[in-house]
Amino acid sequence: MTIKEETEVIVATGLSVSLPNMAAKRHFRAAPLTPIFREINLRASAGQCLGIVGESGSGKTTLGRTLVRLLRPTSGTLLFQGRDITSLSEPELRPIRDRMQIIFQEPRAALNPRRRVDDAVSQPLLVYGKVLNSREAREHAADLLHQVGLDPILGRRYPRELSGGQLQRVCIARAISVRPALIVADEIVSGLDMSSQAQVLNLLDELRQQLGLCLVFISHDLSVVRSICDQVIVLLDGRTVESGPVAKIFSQPRRRYTQSLIEAVPLPEPDRDWLKATTDTTHQHNRGKAMNIQGSTALVTGANRGIGRELVNALIKSGVKKIYATARDVSGVQDLAKADPDRVHILALDVTNDTSVEQAAASCSDVDILVNNAGINRMSALLAADSIDNARAEMETNYFGTLRMCRAFAPVLKQNGGGCIVNMLSVLSHVALPLMGSLCASKSAGLRLTEGVRAELDADNTLVMAVMPGAVDTDMSRDFPPPKMPAAEVANAILDGITEGQEEIYPGEMASGLRAGLKANPKGVEKELAAYLPG
Amino acid sequence: MIEGRADLPITYRILHEPRAVFGLGILGLMIAVALMAPWLAPHDPLEQDLLASFLPPSWQESGDPAFLLGTDTLGRDVASRLIYGTRTALIVALVAATLAALLGTTLGMLAGFYGGKTDMLISRAVDIWMSFPAVLLSIVLVAVIGAGLHAVIIAIVIIDWTRFCRVIRAETMVQKERDYVASGITIGLTRFRILIQEVLPNLMPLLIVLLTLEMGIAIVVETILSFVGLSVASDTPTWGNLIQEGRQYIHQVPWLLGLPVACVVLSVLSLNALGDGIKEVIDPETRQ
Amino acid sequence: MSSALVIKNLHLTIDNPKDAVPILRGINLDLRAGEIHGLVGESGAGKSMLGRVILEILPPRAKITEGSIDYPTRPLPGKTKGRSAARHRPHISLIPQDPMTSLNPVKKIGKQMSEILRLNQTGRARNMLDQAESLLREVKIKNPARVLQQYPHQLSGGMRQRALIAMAFSTKPQIIIADEPTTALDVSVQRQVLCLIQDLQKQHGTTILFITHDLGVVAKICNRVSLMHSGMILEQGNVAEVFCTPTHAYTRSLLAAIPRYDRPLRELTPVAESLQLQLQREARAYDHQRRN
Chain A
1 MTIKEETEVI
11 VATGLSVSLP
21 NMAAKRHFRA
31 APLTPIFREI
41 NLRASAGQCL
51 GIVGESGSGK
61 TTLGRTLVRL
71 LRPTSGTLLF
81 QGRDITSLSE
91 PELRPIRDRM
101 QIIFQEPRAA
111 LNPRRRVDDA
121 VSQPLLVYGK
131 VLNSREAREH
141 AADLLHQVGL
151 DPILGRRYPR
161 ELSGGQLQRV
171 CIARAISVRP
181 ALIVADEIVS
191 GLDMSSQAQV
201 LNLLDELRQQ
211 LGLCLVFISH
221 DLSVVRSICD
231 QVIVLLDGRT
241 VESGPVAKIF
251 SQPRRRYTQS
261 LIEAVPLPEP
271 DRDWLKATTD
281 TTHQHNRGKA
291 MNIQGSTALV
301 TGANRGIGRE
311 LVNALIKSGV
321 KKIYATARDV
331 SGVQDLAKAD
341 PDRVHILALD
351 VTNDTSVEQA
361 AASCSDVDIL
371 VNNAGINRMS
381 ALLAADSIDN
391 ARAEMETNYF
401 GTLRMCRAFA
411 PVLKQNGGGC
421 IVNMLSVLSH
431 VALPLMGSLC
441 ASKSAGLRLT
451 EGVRAELDAD
461 NTLVMAVMPG
471 AVDTDMSRDF
481 PPPKMPAAEV
491 ANAILDGITE
501 GQEEIYPGEM
511 ASGLRAGLKA
521 NPKGVEKELA
531 AYLPG
Chain B
1001 MIEGRADLPI
1011 TYRILHEPRA
1021 VFGLGILGLM
1031 IAVALMAPWL
1041 APHDPLEQDL
1051 LASFLPPSWQ
1061 ESGDPAFLLG
1071 TDTLGRDVAS
1081 RLIYGTRTAL
1091 IVALVAATLA
1101 ALLGTTLGML
1111 AGFYGGKTDM
1121 LISRAVDIWM
1131 SFPAVLLSIV
1141 LVAVIGAGLH
1151 AVIIAIVIID
1161 WTRFCRVIRA
1171 ETMVQKERDY
1181 VASGITIGLT
1191 RFRILIQEVL
1201 PNLMPLLIVL
1211 LTLEMGIAIV
1221 VETILSFVGL
1231 SVASDTPTWG
1241 NLIQEGRQYI
1251 HQVPWLLGLP
1261 VACVVLSVLS
1271 LNALGDGIKE
1281 VIDPETRQ
Chain C
2001 MSSALVIKNL
2011 HLTIDNPKDA
2021 VPILRGINLD
2031 LRAGEIHGLV
2041 GESGAGKSML
2051 GRVILEILPP
2061 RAKITEGSID
2071 YPTRPLPGKT
2081 KGRSAARHRP
2091 HISLIPQDPM
2101 TSLNPVKKIG
2111 KQMSEILRLN
2121 QTGRARNMLD
2131 QAESLLREVK
2141 IKNPARVLQQ
2151 YPHQLSGGMR
2161 QRALIAMAFS
2171 TKPQIIIADE
2181 PTTALDVSVQ
2191 RQVLCLIQDL
2201 QKQHGTTILF
2211 ITHDLGVVAK
2221 ICNRVSLMHS
2231 GMILEQGNVA
2241 EVFCTPTHAY
2251 TRSLLAAIPR
2261 YDRPLRELTP
2271 VAESLQLQLQ
2281 REARAYDHQR
2291 RN
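Those protein sequences? They're chains A, B and C, same order as listed. My numbering puts the first residue of the first sequence at 1, with every later residue one more than the last. My numbering puts the first residue of the second sequence at 1001, with every later residue one more than the last. My numbering puts the first residue of the third sequence at 2001, with every later residue one more than the last.
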């Protein structure tokens, strides 16, 4: 543990920064604060390269500047070489500034236009008293320029006389002059030509190995990140979408957003179909939370029949890596496991039992998609003789069961970098029907539960989805008249919802029609439904 | 890339910019004249020769070759008076403009770089300052301090520092946002050192341009104040005094008014040209 | 296939006080009607200058010293030469690189668009705005009526670029010069904008000269490609051929220098300095040869 702490150069926990929004400023009042990024966790060790990826406006540049404390975090903690630098003042920071450096995107702006190149390179050395006179400084500058592959003759030139690629190397030389432990490189190759880009990347990688640098590499270019980084964090609108080892993220992105970023990189291989596959997701509300089902691990409760069973099949078809098919009585899921023993794992789970749920959460610590499908319907009117018992049973499974599962698995999902919780409800969450009032109540409670959990898990980047179908063709609704939606279709709709980051879905025409009708004429719909139901 | 001349040394480029050369030439001439006034002036500027009053310039029919540009009402040599007047004008231009620049630039840099309360205080002061009518203010100031060259200089400094302050503040704010300032912080420079070592050199081009313009303005202001009798003693030769005297005889002896006016116009024109020329040379490299 | 634009042996120099610097050296380019032709090169290769030649917006000291530009799809009424040829050239418009500087910051989008429309047709202002709105809809801008009432700075980079694409296509040009139209955009927005350009190009049958430094973009959107260095075209051909079997050493070198997410960094080989110098030497030798 101590060894690990020593090599860890930078650790950020729950780091957030808000900046004054000048556009919304009113006279005589302080400008309101706008969050630029929120709750960022990251760590990087010596010799490691951490990539930060995101589109413009994702807050990656501000994050980079905060890591070297050009900005003060609004909340969270920032450790540099084990020391808390979150709220150090500028004079307190000055003695350690030489160990953390930043290289900016635009080298022309980062170098003082009125300072010769070798003066710029050796300036940090003079500031920190590492050299005593300007002659010595110039000699060091020549060495440094040589080290970054520049002719030391260029040292006497002014920045405007050098090309972009050369200037970026000058900035690198200046940054490494004080032998820092950390270098933040902010989009340093995006302004460069193809040929100098490769040179600068190679140089940076060499220096990282030679000097044991900890490198934080900020870029919107995933190809570049893939080629130089070990770990990567994907940002969207100031939030972490996902993070992990670069190889894993590129081969098996957990989020649709990451995947769309990767797919959007045009590889230099002729492909006429590449443009056809484009879908515009930039306006999508929840695009940071949309999951990539392929390669994920799911847990489905009540998998022995109905929608749960179809969902297991659909998930397997969509390339899920592993799936826990759970039921109170596992005899009904054995055949699923037999069909695909590598991926389908059987687990006995009773959602009405605290210990059973806790054990499941402990043993299934790799879950990213949780489907709370288990539910019962006692077909009970609220004022019937046995209504109290029926309501208790329904609430115990439909409401408390879901709550138990959410409580137990929220930490698991958080640990895995956020994921997805799907709660199987019904369009009945919105209506109260005679004969089934008890079920409606439990489903309605389930909807509010879903909304509450969603709000609480917002910061953890977890998608919490409510699925509200109409009548589905399952054992449970055996007595219902047609039209009934096939369970497989509901399962597919759920998977679509997960990959699109939907928070509420109404699969099927019946559900969406009812939803629309309920908004316009709730009483009329209730009457119609009452006539439709058996009995 | 296409602008190949940007690689040449700055002095070379200034010397190849016609406006700058014109401005520098006239300014150099003025300085030479002012320094060597005692040797250049053919007569004592105060020496009166009432018998030889209102002599026209020497190339005219009744001109006297001893008085190159003629004489005034008291028979004083106009050429000598203009030469000594150059001295006054130049002293005011250099001293007043430099002092105004020092004061205005310091405050402007502080306001622009540190922002917040500092900025608010200085900016409000400038706003209030600029709402006074400048000419009136200067007359009042000189009246309070008392007439004399020092009063003129003080008046110009007190009024015109705002000119520097506003422009320098704005430019400092622009420079402050550039990455080289952030880069300075990351290599452990204090804010003050960044302001002096990094930002100030980048303000220099602008400052030089402002300074030359201000020198022209100072000459005009000094002329106005002399004209209304608020500058140096009225017998001391200044261009303003000469204009004031010449004004009375404009119909009889127009050159008495024309010559000092020409001096003022030429000097202001040359200073403005110098400022424009330097700006032209410097601009493309500071704002690529 | 017919040609929309044929450039033969084009030489262009920039006159300095002391000497004339060659920028384009014997360019031969045949833009086929209805194709997207990629023009690739590093900065300073002369690719933007070639675009400006076609648009006839040369900088003041640039001079075409030799060569010809013809528009075969627009046969001239008589055998006229020189200036009248320019008058009879087909309509050419531009999709610029930087959408922010290409739009007037103090005018609303709607006003800027209707101004362009009005230059090319007659009609009432109201009509123009309606047309502008349908153009914006065509470039898949949601809520075009609102965008018309907005200033450029209120739009995102992708939206501004869409608006400019709408303007470029609004005059129904035969040829469009797209000068690094997606360089300033994020990858996902870039993909959508590329898709949009391709759709509109197919729909209108426009010929596009697509100037870029990104070989990846060329691979995805262009039919043919020309690689430039030091004002010369080094390699030209179908995208599939050039990318799969590059003949010139520079092309091979460039392809090897591009970082790719499907390959580790170790396989990244920068374009050798010696190759760059050699190409520059060859360019100078070419100048020398021409002079004698």
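These aren't lab readings, by the way, just hints derived from the structure by calculation. Glycine included, each C-beta is placed from N, C-alpha and C at the ideal position. Just to be clear, a hint being listed does not mean it is correct.
[As the list claims (entries may be wrong)] Across the chosen pairs, the derived CB separations fall in these ranges: (1) B:1192 <-> A:209: 34 to 44 Å; (2) C:2285 <-> B:1192: 47 to 57 Å; (3) C:2285 <-> B:1265: 38 to 48 Å; (4) A:27 <-> C:2140: 34 to 44 Å; (5) B:1191 <-> C:2058: 25 to 35 Å; (6) B:1031 <-> C:2118: 17 to 27 Å; (7) C:2199 <-> A:22: 32 to 42 Å; (8) A:210 <-> B:1191: 28 to 38 Å; (9) B:1106 <-> A:41: 39 to 49 Å; (10) A:31 <-> C:2286: 41 to 51 Å.
[Stated by the list, open to error] In silico lysine-lysine, DSS-like type, Cα no more than 30 Å apart, as pairs: (11) A:25 <-> C:2018; (12) A:25 <-> B:1117; (13) C:2107 <-> A:25; (14) B:1279 <-> C:2018; (15) A:276 <-> C:2018; (16) A:130 <-> A:317; (17) C:2107 <-> C:2063; (18) C:2202 <-> A:25; (19) A:338 <-> A:321; (20) C:2142 <-> C:2107; (21) C:2202 <-> A:276; (22) A:338 <-> A:276; (23) A:248 <-> A:276; (24) C:2008 <-> C:2142; (25) C:2111 <-> C:2172; (26) A:414 <-> A:317; (27) A:321 <-> A:414; (28) A:317 <-> A:276; (29) A:25 <-> C:2063; (30) C:2008 <-> C:2111; (31) C:2142 <-> A:276; (32) B:1279 <-> C:2063; (33) A:130 <-> B:1176; (34) A:25 <-> B:1279; (35) A:519 <-> C:2142; (36) C:2172 <-> A:276.
Taking the hints in turn, this is what the structure says about them:
| no. | hint | in the structure |
| --- | --- | --- |
| 1 | B:1192 <-> A:209: 34 to 44 Å | holds, 38 Å |
| 2 | C:2285 <-> B:1192: 47 to 57 Å | holds, 55 Å |
| 3 | C:2285 <-> B:1265: 38 to 48 Å | violated, 58 Å |
| 4 | A:27 <-> C:2140: 34 to 44 Å | holds, 39 Å |
| 5 | B:1191 <-> C:2058: 25 to 35 Å | violated, 47 Å |
| 6 | B:1031 <-> C:2118: 17 to 27 Å | violated, 58 Å |
| 7 | C:2199 <-> A:22: 32 to 42 Å | holds, 38 Å |
| 8 | A:210 <-> B:1191: 28 to 38 Å | holds, 33 Å |
| 9 | B:1106 <-> A:41: 39 to 49 Å | holds, 46 Å |
| 10 | A:31 <-> C:2286: 41 to 51 Å | violated, 59 Å |
| 11 | A:25 <-> C:2018 | violated, 54 Å |
| 12 | A:25 <-> B:1117 | holds, 17 Å |
| 13 | C:2107 <-> A:25 | holds, 23 Å |
| 14 | B:1279 <-> C:2018 | holds, 24 Å |
| 15 | A:276 <-> C:2018 | violated, 52 Å |
| 16 | A:130 <-> A:317 | violated, 63 Å |
| 17 | C:2107 <-> C:2063 | violated, 34 Å |
| 18 | C:2202 <-> A:25 | violated, 46 Å |
| 19 | A:338 <-> A:321 | holds, 16 Å |
| 20 | C:2142 <-> C:2107 | holds, 20 Å |
| 21 | C:2202 <-> A:276 | holds, 13 Å |
| 22 | A:338 <-> A:276 | violated, 39 Å |
| 23 | A:248 <-> A:276 | holds, 27 Å |
| 24 | C:2008 <-> C:2142 | violated, 43 Å |
| 25 | C:2111 <-> C:2172 | holds, 19 Å |
| 26 | A:414 <-> A:317 | holds, 26 Å |
| 27 | A:321 <-> A:414 | holds, 19 Å |
| 28 | A:317 <-> A:276 | holds, 24 Å |
| 29 | A:25 <-> C:2063 | violated, 51 Å |
| 30 | C:2008 <-> C:2111 | violated, 39 Å |
| 31 | C:2142 <-> A:276 | holds, 20 Å |
| 32 | B:1279 <-> C:2063 | holds, 29 Å |
| 33 | A:130 <-> B:1176 | holds, 27 Å |
| 34 | A:25 <-> B:1279 | violated, 35 Å |
| 35 | A:519 <-> C:2142 | holds, 26 Å |
| 36 | C:2172 <-> A:276 | holds, 24 Å |
Going down the numbered hints, you'll see the structure goes against 3, 5, 6, 10, 11, 15, 16, 17, 18, 22, 24, 29, 30 and 34, while the others check out.
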